[in-house]
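Chains X and U are the protein sequences, given in the same order.
Per the working numbering, the very first residue in the first sequence carries number 1; after that it's consecutive.
Per the working numbering, the very first residue in the second sequence carries number 1; after that it's consecutive.
Wrong hints could be hidden among the right ones.
Remember, identical chains collapse to one label, so a pair may be satisfied in a single copy or spanning two.
[Unchecked claim] In the BS3-like style, the derived pairs of lysine-lysine whose C-alpha atoms are separated by at most 30 Å in a straight line are:
(1) K37 <-> K62
(2) K71 <-> K37
(3) K37 <-> K5
(4) K90 <-> K5
(5) K65 <-> K5
(6) K90 <-> K62
(7) K5 <-> K21
No lab work stands behind these hints, which were simulated from the structure alone.
2 protein chains.
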Amino acid sequence: MGVTKTQHFTEEQNELAVLAKALGHPARIAIIEHLIKVDSCICGDLVNELPLAQPTVSQHLKELKNAGLIKGNFEGASICYCLNEEGFEKIKSFFSLINTYLENRKDQCC
Amino acid sequence: MGVTKTQHFTEEQNELAVLAKALGHPARIAIIEHLIKVDSCICGDLVNELPLAQPTVSQHLKELKNAGLIKGNFEGASICYCLNEEGFEKIKSFFSLINTYLENRKDQCC
DNA sequence: CTAATTAATCGTAATATTGCAATATAAATA
DNA sequence: TATTTATATTGCAATATTACGATTAATTAG
Chain X
1 MGVTKTQHFT
11 EEQNELAVLA
21 KALGHPARIA
31 IIEHLIKVDS
41 CICGDLVNEL
51 PLAQPTVSQH
61 LKELKNAGLI
71 KGNFEGASIC
81 YCLNEEGFEK
91 IKSFFSLINT
101 YLENRKDQCC
Chain U
1 MGVTKTQHFT
11 EEQNELAVLA
21 KALGHPARIA
31 IIEHLIKVDS
41 CICGDLVNEL
51 PLAQPTVSQH
61 LKELKNAGLI
71 KGNFEGASIC
81 YCLNEEGFEK
91 IKSFFSLINT
101 YLENRKDQCC
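Can you make the complete structure from the sequences, with help from the hints?
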């Protein structure tokens, strides 16, 4: 029926999925990459940087913010967005687990 | 409208988005976690493990496979699924970039 | 206060995702 | 060969996502 069965999964699994989903769009990858490149950012910048209209960029920023991957504060007339370490920490520990597993994996059955 | 403007982003950005999107569902996170836990897996296992019907699990496996995050081989009557290192490598280098940035970031403007 | 600038929100069309029953396919076994 | 077992595919309903024009809200400059 089209609704994710969130209730049936653990909180950790749902959190990770939310974070990954937020990164699951090239525009949002581009936003993260741009934030790293300029090391602090105004939204207007992004509208020029991305091949998308201003409302669309605003929407993508909102999703990244909701997922906890970026933070935004008013700075004069515009808004300063930057990476939110907290969100990335959670992803980091998940991938650490995977990397440790992959490095120690003895026999790859497939 | 409603179609992601894939053409306007770099191949790397699109690839990362595909990988992240594939992880953007709790069932698929659960599948990855289970594959790590049992260190090789048969799909039937997963149908019992997950709160989803067999066709739904099959679909999620397909998406993980398409994204390059898991591999599957026939093993007798059933199929043996396991992690595909290649896919995770790509994600790893992206997060390395982010971690390096976050660790060296001087002033957090937000 | 008014105009200009910047970014968020609303409304909506186009498309994608999620989930499952029903069915199909493929291999193992009796 | 017929049956069982394991997994994939199809078709469809419910819902979510993507994108953007129009509008609104908030801030700054004059």
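Hints, verified against the model:
With identical chains, the CA atoms of K37 and K62 are at most 30 Å apart within one copy only, with a shortest distance of 20 Å there and 35 Å across copies. Taking CA atoms no more than 30 Å apart as the test, K71 paired with K37 passes inside one copy only; the shortest distance there is 16 Å, against 34 Å between copies. In the homo-oligomer, the alpha carbons of K37 and K5 lie at most 30 Å apart only across protomers (22 Å), although the nearest pairing inside one protomer, at 37 Å, exceeds that limit. In this assembly of identical chains, the alpha carbons of K90 and K5 lie at most 30 Å apart whether taken from the same copy (22 Å) or from different copies (29 Å).
Proximity of K65 and K5 under a CA criterion of 30 Å is satisfied in both settings, with 23 Å inside one chain copy and 21 Å between copies. Proximity of K90 to K62 under the C-alpha cut-off of 30 Å is found in both arrangements, the shortest distances being 19 Å within a copy and 26 Å between copies. Taking the shortest alpha-carbon separations for K5 and K21, both the intra-copy value of 15 Å and the inter-copy value of 17 Å come in at or below 30 Å.
In terms of the numbered hints stated before, the structure departs from none.
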